Every structure is written in C-alpha cells, then in structure tokens.
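Those protein sequences? They're chains X, R and S, same order as listed. Going by my numbering, the first sequence wraps up at 325, each residue one higher than the last. Going by my numbering, the second sequence wraps up at 747, each residue one higher than the last. Going by my numbering, the third sequence wraps up at 1046, each residue one higher than the last.
If you're looking for bench data, these hints aren't it; they were derived computationally from the structure. Mixed in with the good hints there might be a few duds.
Stated by the list, open to error - Simulated pairs of lysine-lysine, DSS-like, Cα-Cα distance not exceeding 25 Å: (1) X:K129 to X:K210; (2) X:K129 to S:K1033; (3) S:K868 to X:K129; (4) X:K33 to S:K770; (5) S:K868 to S:K941; (6) X:K129 to S:K941; (7) X:K126 to X:K210; (8) X:K126 to S:K941; (9) X:K126 to X:K30; (10) X:K315 to X:K210; (11) X:K227 to X:K210; (12) S:K868 to X:K33.
Said to hold, decoys possible - Chain X side only, calculated, beta carbon under 10 Å to chain S, not exhaustive: (13) G52; (14) M99; (15) T215; (16) A219; (17) M300.
Nothing here was measured: the structure is a model prediction, and the numbers come from that model. Backbone N, C-alpha and C define an ideal beta-carbon position, used for all residues, glycine too.
The chain contents come next:
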Amino acid sequence: MLALYFHRKGDVFLEKAILSEKTAVSFSDKFRKFIMNETTGAVLFAMPFLLGFLLFTIVPMGMSLYYSFTDFNILRAPTFVGLDNYVRMLTDERLFSSMRATFYFAFTSVPLRLLVALLVALMLLKSTKMTGVYRAMYYLPSILGASVAVAVLWRQMFFVTGTVNRLLDVIGLNRDFAWLGDTRTAIWTLILLAAWQFGSAMLIFLSSLKQIPETYYEAARIDGAGKLRIFFKITLPLLTPTIFFNLVMQMINGFLAFTQAFLVTQGGPADTTNFFSLYMFNHAFAWGNAGYAAALAWMMLIMLGTFTGILFLTKRFWVYEGGFS
Amino acid sequence: MKKSFILATLLLVTGLLTACGSDETNLTFGWWGNPTRNEQTTAVLNLFMEENEGVFVEELQAGWGDYWPMLRTLAPAGDLPDVIQMDWSTLLEFRENDLLVDLTPMFNDGRIRTANIPQTVIEGGRVGGGIYAISAGMNVTAMVYNTTLLTELGLSAPRNITLQQFIDLSREIYALSGVRTNWAFNDPANQMEIHLRAQGVVMLESNGMGGSPANYEEFFEVIALGIAEGWHIRSEDMAGRDGTAQDPLVYPPNMDNPNLRTWNTPVWSNMIVALADNAPAGVELAMTTYPSTNPLVSNFGRASMFLSITTQSDNVDEAAALIDFWLNDERPHRIMMAERGVIPNTQIAEIIYPSLPVLNQVQSEFVSWMGDNSTPVNPPRPEGSAEIIDELVRITELVALEQLSPQQAALDFFNFGNNVLN
Amino acid sequence: MGATKTMGKAGKAGKIGTIRTMKISELIKHAVILFFAFIMIYPLIWMLMSAFKESSTIFPTAAYLIPETWDFTNFATGWQGIGGRFTFATFFRNSFMYASLASIGAVFSSSLIAYSFSRGKYRGKKILFALTMATLLLPAQILMVPQYLWFHQLGWIGSYLPLIVPAYFGGAFFIFLITNFMNSIPTELDEAAKIDGASFYGIYVRIILPLAVPALITSGLFSFIWRWDDFMGPLLYVQGQQRLFPVTLALRFFADPAASTDWGAMFAMSTLSLVPAVAIFIFFQKYLVDGISTTGLKG
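In isolation and in its complexed conformation, chain X is listed as follows (with noise of 0.2 Å):
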C-alpha cells in the first residue's frame, strides 16, 4: 500500500517536472540569480544572528515578561497575579541588602581593577627584555581568576584557618581575622579576587598608550612640562574613550557578578555578599519563585539600562573624542 503510494507520488512529481522542464529550468536560473546576489548573500550571512537573537534573546525575553506577572515555581503551571512580583519588590528587605552589596562591589571593583590596571601599564610601558615576562605574569590571573579551582581556592586562603592568616603568622601579625566572616571583609575577598584579574584592562591601557604618538610627548616636553603634568594634561585624555568603553563594559559585568560569589561566601555573612543575581538564582531554583525571579530580571534590565545611558550621558563631560590626528 504505502509503495504504491510512493510510487504514485514519485510518478506524478516526475510528470510534472517533465511537463514543467522548460519553466523550471528558468526558475532555478532566477533563483541562482538571486542567490548569487551579493546583497542576498550579505543578509543570509547576518542570517545566523537574527535567528539567534530571536530565539535566544528575545522569546525568553517575552517568557518572561510573562511569567513576571504570575506565580511560577517550575513544577505547577504559573497562575497570573498581575503586579504582585513588582510590588512584593518594594517591601523586600533582602532585595534592597543585596542591591547595596552588589552596588559596593561594582562601584569598588571595577574603578579598583581600572586603577590598577593604568598604573601597571604605565610601569610596564618602557619596553625592556623583561617586559614580555612581566606582561604574562600580570595577565595570567586574568585567564585562570574565573575559574571554580580559584574560587575553591580563595574561600580556603580567607578562611579563618586559613594561608593568609598563616602568612601573617610568620611576619607576627596574626589575630585569625575571619575574613569571611566579618561583614566589613567578606565582600572585600571578592572585590579583591576581581582586582587581581586587572590583566586584560592592563593590555588594552598598554596597547592605547602605545598608539599615543610620541611627537604628542616631545611637544609638551618643549614647552617644559613635567611627568606628573604630561600625565595629565596628554596621557589621561587621550585615555578616556578607552576608559568609558571598559568602565561601562565591566561595570555591567559588576552588577552581575555570581559565580565567585556563589562559591567563595554563599551570599554570607549576613547577605553581605548576597550579589543580585545570587539572589535572583536563589529565588528562581532554590524557593520556587521562578516568576518573582523573572520580575527581578526585568527590574535589573530596566536599571541597567538607566545606569548605562547616564554612563552615555556624562560621556560628553569627561570623554576626549578628538582622536589623535
């Protein structure tokens, strides 16, 4: 039965492709024309992104803008509650704790790695035979700092117990501070462990101080000025669209910090530590609150987006943008 199906089916395609051989042949033409086109091609090849962009992006988007309205714990279907998830927000103690821990740490972290990061580019501008050795000893905590072997690693170095307090033994200066566990500390273990990682800021300060031309230098030089003024009155402005573009880059990655969190301190002490999205994690996967957990996505989305274009807006203030010609 069903051969002979297919052998009909076959038979009748054949026919019509016999029939239509003329028309079909000019189709496939236009079509390869089509295709050919370098504009078509052009669009195909942005193909990928749009899909993705659609179905990775912007459909769990919409779920969740969804979801943000009912009462969702993954194992029964979401029942609609309108606004409750956004107004429970209002009078969530816990939230406003872990937007102020995640604000200290990103406020404090970034600028502090920034930081870092300039001076040890400047120290290591002079090119000597050592500087290639001194580059990779700087950047190597960048390529290993997210790893969880570090995270395990630094809980262990901070613990009471544990080898910074046993360093300190050996110079006398030991109390056994727990540093994990005095909320003025804990969140500066981590802040500390993003610092350390200032490896890839530091090339990219190194590579923009090298394209600053040099006849920028001997003409300041001519005129007299000193390091500190050459500094800043040349290196640092020509620096800034470097500055911004990192500073609004990281700053976002900042408020969005989970990992090391979530292995280092657990949120603690006393929710010190407890960054947004640990949070967010804790309530989505842990409590079964997955549709409040899609309301602090969305709240956090519409912050970020605020921060950012303020970012953009001071740009024009502090923000040199004449290039270098």
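Chain X is fixed; fit chains R and S onto it per the hints.
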C-alpha cells in the same frame, strides 16, 4: 579539507547528542552526597545490577545544596529519576506537586517487603492517605562532643541535657579552657525546631508559622547571651568552612586556638562517623541530645535516607525492586556501614551491628535509646520552607553579630515566615 | 637583561655617576615589578605546591611553599573522581568536547556574520550591527531565568544542547572582533577577485576567511577558555549526571560545603583543571594579547 572538517564537527555533535540520549538505561537513581557516599552508593547499585540482569541503573547526584534545585529543574521537564532520595523537609512539596508515587500498594503486594520494618518507620513517610517515602536509614537529633576534653576538665554532658544545664556547662568549659560552644550555627532550623517542640509548637505549619513570636525569642536570646559572655563561638569564625571536615569541633588547624574551637556540634546522629574521621588523633567523640527545656518532648528521629519513586518513572516495578533490595538485603548495609543512619530493618540490624566499627554501634545504641526518649517527628515541612529557613540563617547571623535584638529577630522571623506561607 | 640596556642608554649621557644612579633606580624598579608579579601569582603557586603536599599537612604548613616531602599520590587519588563510575578522564573529555563544539560554532557563525557586516551592502545593516553591540551589553545572568524556562519548554534540560546550540548563532564579542579585523583587510583584494568572477561566497571562502585566520584563532581561544571555565551553564543544564560532568562541576563536588574534603586531591585536580588555559596562554599568548588590544575589550 573543509568537507572533512564539517564532517568531523557533525560527528562530534552527533556523538555528544547520542551521549545525552540513552538506550540501555532502565532506571535512574538520584541522591545527594559527597565523594565517599558516592562511592558506596555506586557499589550498592552495581551489586543490584548483578542481581538483576538487564537492568542498568543510571546515577544522578549533587551535593546537598545543589540537589534540590536540580530536582526542581528536572521535574517540569519530566526528567526526574525513577527513584530519588527524599528528605523530610521537602516530602510535602514534592507530594503536593504530584511527583511521588504512593508506595502502599507495593507494600501490600510484596514488591517492597516491610515485614521487618517497624510500623513507626513506615509511618514516617506518610502524607495524608498514602506513604510516599520509605526510610532506608534512621537518624536522631544528636549533639556530638569532645569527651576527651570534658574528661580532662572533670565535666560531663548528661543525656537529656536541659537548656540551663547546657548553658552552665558551656560557661564552665569556657572559664576553664577557653574552648567555646556551638549552639545553633550548623543548622539553625533544626535547633529552632527542637526549641519550639519543647513548647508544643510546630515551626512550619501549612497555613503559617506555629505559635507566636514569643515562642521564638528564647532561641535568639541564648545566642545573644553566649556571644555577649564569650562562651559561644562567633559566627564570623564559622564562615566559609567546608562542612564536617572543617567543623570547629574537629578541624585540626583550629585546635591551637581555643577561640576558634568548640567542645560540641549539633548534628544528626550518623554524622559522628564523618566527624570522627576528621578529628585529630587522641580526640574521642561521644553524643548526647540537643539541649532543650523539655528534652523528652523535643527529641526526635527521622529518616536520614528516604527513598521515593517518582510519578515520572516508567519502570515502577524495577524501582520497587531497588528499594526492596536496599531495605531487605544485608549487603547494601555492609557497604554503607550505616553511613546513612541506623538500619531500620530489625533483622538485618541484628546481624550486622556486631561486625561494624565501634562508632556505628554507639550510634545504634543511641538511636534505640532515643526511641523511648522522644516524640514523633513534626509533619513534613510545607512549600516555601526553603526560603524561610534561609532567612532564619540570616537572622541568626544578625543576632550573633549583635546587629539585631533577640526580640526583634523573633518578630521579624515570625512575620517573614507568615508572609511566605500565606 | 634590563640592566644592560639601561647601561647602554646611560652611556650616552656620558657621566659615570649617572650610570650608577640610573642603574640602581632601574634595578629597584625591576625588583618592585617582579615583587608584585610574584604576589600576583603567589596564590597559583601555592595551589600547585599544595597539590604535592600530604593532605593533612596542607593547612598546618600553609605558610611554606615547598612541601617537606613531595607527595604525588594526590594526583592518582584525585583522578579517581568524586565517587561513582567516572574518573576525571570523563570530566576532562566532557569539558573538552563542550568547549570545542561551542567554540567551533561560535567562530564559524561569527565569521559569517562578521563578513556580512564588513562587506555586505544592505539596508538595516547599521541597525543590525548596533543590535549586536547591544547584546554585548546584555549579560548572561539577566537571561539566566528566562532562558532556562525557554530551554525547559524545548525539552533540552539535562543535556549540553542549551549551551552549545546558541553558540552556532554567533557571539557578539567575536562578531565585533572579527568584523574589526575584516575591515582592516583591503577591499582591493575582493575587487580584484570580483573581476575574476568570484561571487560573494567565493570571496569569503578564498580571500577573506584565509586572511582572517588570526582573528578566528583569537576568537576560538577566548571562547575555549570561557567555556572551559563555565560553571553556571553546566550547573543549570547538565544536572547531576556524572557521565556528562565537565571539570568545573566535578570540582564543585570537592568544594561542596556538605562534603568532607580531601584537600590534596582537590588541589591536585584544581591544578590540572587550569592546565589547558595555561597551555593556551603559553603557546598562544600573542593571539590573546592581540585580540584584547585590537578590540579594546576585556576578554
């Protein structure tokens, strides 16, 4: 060259995809654990597969903290294992979301034999009209302590120790040796539960928090008192530790500094074995009950290894066979050595215990003694408990850091819990 | 090494006194740089050395780097895995497969998109490019919950699909990097090829792609390192099946707060887990540095 490259990619992809799908798997077993427990569990499962040809048991495992998010994320996809390790604190939530199978029919037709399992153990898995989990290991609340230290100081910790006795003892130990006390930092929810049971209150009821804020105050007061007087270990010094291995009762690097050391640790009875493994030579451990104003009422035991069959299982018979094997065959217990608590099967317990290491026997003796010195476990915790317990940990920390008064803490916690549960 | 060069420079100045002061200040500078560099990598050295210490001696002797006796057994015991049926051979293989497949996909598709952005002429290109850059500002964590719910709808939970498939639709960072690079390839080359009758596709395959290889390598290396380190992705999607565990999840087992811990084995495996990234760093440092320098973006 380009073609062979694409071909290689395709092969890699299909390789990985087929690695995800599985054709020989018949059964999946999920549990939480650590490397030691994983090893033992694998050995038991291998034994089961030898006995049951054609059945392959797939493993699913995570540490305690990752285990529950894992199950919660697998459930909606219909990917729950056939047999899962359940916990008393999550049993109700999983049952209410229709994820667990009623085991009663299997008890009745003998697919899971229960002749040698005490009725009280079986009842422990009851939710409403059915039994949704059965215990393959029993635990009781237990405070493990350093007997070597107490003997040196000429002190002792009696069983059914009262709260006042405990505070006095802690003060004395601190005065004599500087060694501190751990009252509630391992699992504040457990200690709180004990504390409320003594007052006849259940902490997490399905429609809200039990009792009134006043019932919760004393728990926080003990912490505030201990911190103020110095005999309680500071919460700062407990941060970042790796579970049993770095418990200040046993972790060797902490032993040199009495400030970082405790004479006790409140845990479950099976953990004495792991604690002893990590203790430095010459430190002997023993156990007693949790301090309480009314120990005979507050003491309780519960399943340490609940086994459940999920509604997403396509192989209920094999799943039942696995549970039956675990309950009624002595070999799993020879492998696990009561690592997961005391063996509930009375016949097997009788055969095995004499051959087990001494600490397992101590444990077994303590658990059976508790049988006459305790009241039944509270009903399973309602949905939302996980969030409430996380909040309790934070509030406990705030009290210990002297950032929150005990009265305020009790009020905040009570209100928070009610908000979540309603 | 640095000193000889300094001497040469100072020699020009001609005065012996200056030679000496220059030399000393340069030496001090080198010493300071070296000292801080040592502090920078001290934690890593400490971990490496701890992997060779007997487990129980690691923290008591934490202040000393060199083990009293060199113990190699940590590597053997650690390699046995985290209990269960699989060893670190499986975990390393999984990490390698995941990182390779995702990176191949990301580089290949990003090169297509980059080519379209660099050479294509069509309406909406600028908007599309801006959109790409916007996704660069949209970090993964914001999408964590929504994407999870979506992949759950697709039935992809419990596999690597949610981690690998999206890579085949390009990555903003790589698109940016490769587009920049392609923009620097002179258009005279494609014009010449066009005259010879090459199509849009032909130019991509025969001219642009071969010339863009350095950018592709840079992208591939970064992608590989990030995927190798990825913890949150597998934590959400791979779900407890040891046979699918990447190294990061296996290490998490060692580090689980509820587990008793074999420190030596943990540090041994932690050290091993860093080997691929270190190897890439040693052998391909130039590509990484170029990638960071040309995009001006932190990797």
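Results of checking the hints against the structure:
Proximity of K129 (chain X) to K210 (chain X) is assessed by CA-CA distance (about 17 Å); at most 25 Å being required, the pair is judged to hold. Only pairs whose Cα atoms come within 25 Å are accepted, and K129 (chain X) paired with K1033 (chain S) is accepted, the gap being roughly 16 Å. For the given pair, K868 (chain S) sits about 46 Å from K129 (chain X) by alpha-carbon distance, which is inconsistent with the 25 Å threshold. Of the pairs offered as hints, the one joining K33 (chain X) and K770 (chain S) is violated, with about 71 Å between alpha carbons and a cut-off of 25 Å exceeded.
Of the pairs offered as hints, the one joining K868 (chain S) and K941 (chain S) holds, with about 15 Å between alpha carbons and a cut-off of 25 Å not exceeded. A C-alpha spacing of about 46 Å is found between K129 (chain X) and K941 (chain S), which places the hinted pair above 25 Å, so the restraint is violated. The straight-line distance between the Cα atoms of K126 (chain X) and K210 (chain X) is roughly 10 Å, inside the 25 Å bound, and the hint therefore holds. Between the alpha carbons of K126 (chain X) and K941 (chain S) the distance comes to roughly 45 Å, so the proposed pair goes past 25 Å and is violated.
Taken as a hint, the K126 (chain X) and K30 (chain X) pair is broken in the structure, with Cα atoms around 61 Å apart against an allowance of 25 Å. For the proposed pair K315 (chain X) and K210 (chain X), the alpha carbon gap of about 23 Å is at most 25 Å, so the pair holds. Only pairs whose Cα atoms come within 25 Å are accepted, and K227 (chain X) paired with K210 (chain X) is accepted, the gap being roughly 17 Å. Straight-line distance between C-alpha atoms of K868 (chain S) and K33 (chain X) comes to about 17 Å, which keeps the hinted pair within the 25 Å bound.
Interface restraint check for G52 (chain X): the shortest CB-CB distance to chain S comes to about 2 Å, inside 10 Å, so the restraint holds. About 15 Å separates the beta-carbon of M99 (chain X) from the nearest beta-carbon of chain S, more than 10 Å, and the hint is not met. Residue-level restraint check for T215 (chain X) is violated (minimum Cβ-Cβ distance to chain S is 21 Å; threshold 10 Å). Checking A219 (chain X) against chain S by beta carbon gives a least distance of about 22 Å; that is not within 10 Å, so the hint is violated.
Because the beta carbon of M300 (chain X) sits about 6 Å from the nearest beta carbon in chain S, less than 10 Å, this interface hint is met.
Going down the numbered hints, you'll see the structure goes against 3, 4, 6, 8, 9, 14, 15, 16, while the others check out.
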